[in-house]
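Chains as they are written, first to last, in my numbering: chain A, -4 to 314; chain B, 145 to 433; chain C, 4 to 248.
Some clues are possibly wrong.
The calculated BS3-like cross-link candidates involving lysine-lysine, where the alpha carbons are at most 27 Å apart (straight line), are [unchecked claim]:
1) 91/C to 133/C
2) 311/A to 94/C
3) 188/C to 216/C
4) 312/A to 94/C
5) 312/A to 225/C
6) 205/A to 94/C
7) 205/A to 173/C
8) 234/C to 216/C
9) 234/C to 312/A
10) 5/A to 132/C
11) 188/C to 205/A
12) 232/B to 312/A
13) 311/A to 91/C
14) 132/C to 232/B
15) 132/C to 115/C
16) 133/C to 188/C
17) 311/A to 216/C
18) 115/C to 312/A
19) 133/C to 5/A
20) 173/C to 188/C
21) 133/C to 311/A
22) 5/A to 115/C
23) 232/B to 311/A
24) 232/B to 91/C
25) 188/C to 311/A
26) 130/A to 410/B
With the C-beta cut set under 10 Å, the calculated list includes, among others, these residues of chain A facing chain C [to be verified]:
27) 5
28) 180
29) 181
30) 198
31) 200
32) 201
Simulated from the structure, these hints should not be mistaken for laboratory data. None of the values given here were measured: they were computed from a predicted structure. Just so it is clear, CB atoms sit at the ideal spot from N, CA and C, and this is done for glycine as well.
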Amino acid sequence: MDSQKGNWGKILFLVVIAAFLLIFPALFTLPFPQHIMIMIFLYATLAQSWNIIGGYAGQISLGHAVYFGAGAYTSTLLLMKWGVSPWLGMLAGAGLAVGLSQIIGYPCFRLAGHYFAIATIAIGEITQIGMVNWKGGGGAVGLYLPILEESFANFEFHTTKVPYYYIALGITAITFFVTYLIERSWLGFYFRAIKGDLDAARSLGINIPKYKSIALAISAFFTAVCGTFYAQYVLFIDPESVLPLMLSILICLVAILGGVATVWGPFLGALVLVPLSEFTRTYLGGGGKAIDLMIYGALIVLIARFQAEGFMGWIKKLR
Amino acid sequence: MFTSEIILQTLLSGVLMGCVYALVAVGLCLIWGLMEIVNFAHGQFMMLAMFLAFWMYTLFGVDPLLSLPMGAVLLFLLGIATYFFIIKGILYTTFLAQIFATFGLGVFLHSMAQFLWTGNYRLVQNPLLAGRISAGGIFIGFPQLVAAIMSAIGFALLYWFINKTEIGLALQAASEDREAASLMGINSNRIFALGWGIGSACVGVAGVLLANFFYVFPEVGFTFALIAYVAVALGGFGSIPGSFIAGILIGLVEAFGGLLIDPAFKYLSVYVLYLAVVFIRPQGLWGRY
Amino acid sequence: MAILQVKNLTKRFGGLVACDNVSIDLEEGEIVGLIGPNGAGKTTLFNCVAGFYPFDSGQVIFEGQDITLLPADRICHLGIARTFQVVKTFKDMTVLENLMVGGFVRSLSTRKVYREALEILDFTGLAEKKNMRGSALTMADKKRLEMARSLMTQPRLLMLDEAMAGLNQKETQEALEVIRRLHEKKITLLLVEHVMEVIMPISHRVVVLDYGKKIAEDVPEKIIDNEEVIKAYLGEKYHAARRKN
């Protein structure tokens, strides 16, 4: 009986949140709060994507920016060189990212813990160095997306951020829903078993490389989608903005802060970190860039030290 | 095109720089071997040591050579403090928490340095160790040579300490089996703190030595940190001599990578080396696991 | 036909021969005990049969199929399940979730696996603890959980590695009861044990290993008096002294 009430309560809560998010642009009509929400959606989706391989399956990838960059560069280059629609470019980018993830995963998944993490860092750095030196892809200077007529088909809007808002909301909703489905399905159980104990997982019939690869593929797919969105939103990409180690770290941080291996954790993490970062940047002036990183650093240490389960851990305790 | 002189020159500068990398790596390896925690703030510790040498010189006129003992001692204390305030509490938690505890510290120290001292590149202008030696057309920077020699001495001392003294053997015992070691009266907290202290002191020495000839700036920590992890993983986590040799190897690969391909790619070759080794031999060259 | 045939299995670790030319046949529905002093190679044999270790020579045939080269997860699909000497609970998952992991090898439907898990929870007496976290269980319950979890894979051969170690009297009796119920379900059982009071009453046959070699194989009553077995456990001197008397 209790759980039925609990379920209705949860559904009501979800409906309220969904309604709020849907009418947000009407309530907050200025571009700045809309931009903040878009960034929250972006980081939440990135963190959730990472969550699938890092949180649920326990494979700590510190080079996820590779997939973000793959999405951003693929759709942008296809658009610039052959006029391919960004929406198709998004799919192509996601496809490339999935392919990359399998190539990366095959040798890397044999590596244990620290070796794996450092390998992902190395691959990330190699990719960034590579893109800096590849003139065909814009090199260090980067790529300016062509300014096209504002339209949904062109995936560009210049007079208002509202369509971007809804697209971001849509991507976030889809990613979160997929994660929810995974968590409830055999995939979620298998991922968590892999994280829990490899030998036990094998003894229960789990093909470990196969499921690690599946987790990474799903993760790479959604990360790349975010990359294309970013490119179309900012209309400029370069290795510094879409491939740096710091981005990979931030993605993990948001997921950990919010709570790994939970559906809502990544959203909570983004909800806290994005405004925090904007606040420090805006109100603490020039030195602000360093201060917000100092706060990140301290936060990471505190979370790791005192609440490894992140915000969701606190929420669970309150229940 | 590549004369034997150029090759020899590259070889030598690679080895010299590699010795310094090696010392940094050895400190990291000690900590890892002891409690399986990778100190992701290791590079920032070194950066702090470099800034220490710089400010001692700029503000008080103390030559980096004289700052050496101070750097070692202060970093030793920093390592111990880090253990007691942060590491002790995460020893038994998840792998993710451990990575992020030290990584967060690293991010914090890096941005703190940026906030306090800005991102400008600084240089110790006229250290005691300066100038070049030339032998047969080959130029060796004097501070680089001294840094390499002192790193090698530091490694030798550390190796002797680990293998020939009681405390060193206690360190090894605690790293192999914490419980058994405590049954033999080895206080694991003290041992671990000592490990952190010594590992950090290594990096403090390396940092002060580097300040004689290398630019001092907040980002320097990241680069050396990555190289250190790669060295430790390459040598094989848990093998101190392995880390040292791997450090030198990396110095060579970096130097020749810069020579043969492009200076922009010198770090690229290091990362590729790491992947190559670890894909073929997952436990590194001399690794335990 | 024998459900499991281990033929001349040899496993070396460097210079050490952990399993030396071991051959065992298990008939369907049997309960076979595998005993021997520490280091005799019992767990190594398990790991080789279950596909966790590759071995140097020999063959393993399960239900007529050669499974020698198959990996551990394939072997589970085929119907062999095993538990571990040191329990490997999924610490961050509940008891129910632990079990469900095992069920998905037979069906991908969460609903179906959920129902089956509830049944197995009842069967093994863990129903009340189904929402407890794995890390919160007692050792005895963790062992029971491990057994229940492996049952979810619907094995026809279940290999238990020291399932009774560290249990008190009451817990041992409860575990024995579960084993009897498994036997009633016609599951073939291979038990590694140190606790003689457990092995002797329930095993149809007992196989004894020492230094990697099979030194005896017989019904329990005869094993107790077997000279080689006594020598292995208690040493030459005791055997000699006993013979003198």
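Quick rundown of the hints versus the structure:
1. 91/C to 133/C: Given that 27 Å is the threshold and the Cα spacing comes to 17 Å, the pair holds.
2. 311/A to 94/C: holds (17 Å)
3. 188/C to 216/C: Not satisfied, since the Cα-Cα distance of roughly 32 Å exceeds 27 Å.
4. 312/A to 94/C: holds (18 Å)
5. 312/A to 225/C: violated (58 Å)
6. 205/A to 94/C: With Cα atoms ~23 Å apart, residue 205/A and residue 94/C stay inside 27 Å; holds.
7. 205/A to 173/C: violated (42 Å)
8. 234/C to 216/C: holds (14 Å)
9. 234/C to 312/A: violated (58 Å)
10. 5/A to 132/C: holds (25 Å)
11. 188/C to 205/A: Not satisfied, since the Cα-Cα distance of roughly 33 Å exceeds 27 Å.
12. 232/B to 312/A: holds (24 Å)
13. 311/A to 91/C: Given that 27 Å is the threshold and the Cα spacing comes to 25 Å, the pair holds.
14. 132/C to 232/B: Not satisfied, since the Cα-Cα distance of roughly 33 Å exceeds 27 Å.
15. 132/C to 115/C: Given pair residue 132/C, residue 115/C holds - Cα atoms ~20 Å apart, limit 27 Å.
16. 133/C to 188/C: Judged against 27 Å, a Cα distance of about 23 Å means the pair holds.
17. 311/A to 216/C: violated (53 Å)
18. 115/C to 312/A: violated (31 Å)
19. 133/C to 5/A: holds (23 Å)
20. 173/C to 188/C: Holds - the C-alpha atoms of residue 188/C and residue 173/C are around 23 Å apart, at most 27 Å.
21. 133/C to 311/A: Answer holds: residue 133/C to residue 311/A is near 18 Å, not above 27 Å.
22. 5/A to 115/C: Measuring from Cα to Cα gives roughly 25 Å; hence the hint holds.
23. 232/B to 311/A: The given pair, whose Cα atoms are some 25 Å apart, holds under the 27 Å limit.
24. 232/B to 91/C: Answer holds: residue 232/B to residue 91/C is near 26 Å, not above 27 Å.
25. 188/C to 311/A: violated (41 Å)
26. 130/A to 410/B: Holds, at about 19 Å.
27. 5: Hint violated; residue 5/A Cβ to chain C Cβ min 17 Å, cut 10 Å.
28. 180: Since chain C brings a Cβ to about 6 Å from residue 180/A, closer than 10 Å, the hint holds.
29. 181: Cβ of residue 181/A sits 4 Å from chain C, so the hint holds.
30. 198: holds (6 Å)
31. 200: Residue 200/A check passes; min Cβ-Cβ to chain C is 3 Å, inside 10 Å.
32. 201: holds (6 Å)
Of the numbered hints listed earlier, those contradicted by the structure are 3, 5, 7, 9, 11, 14, 17, 18, 25 and 27.
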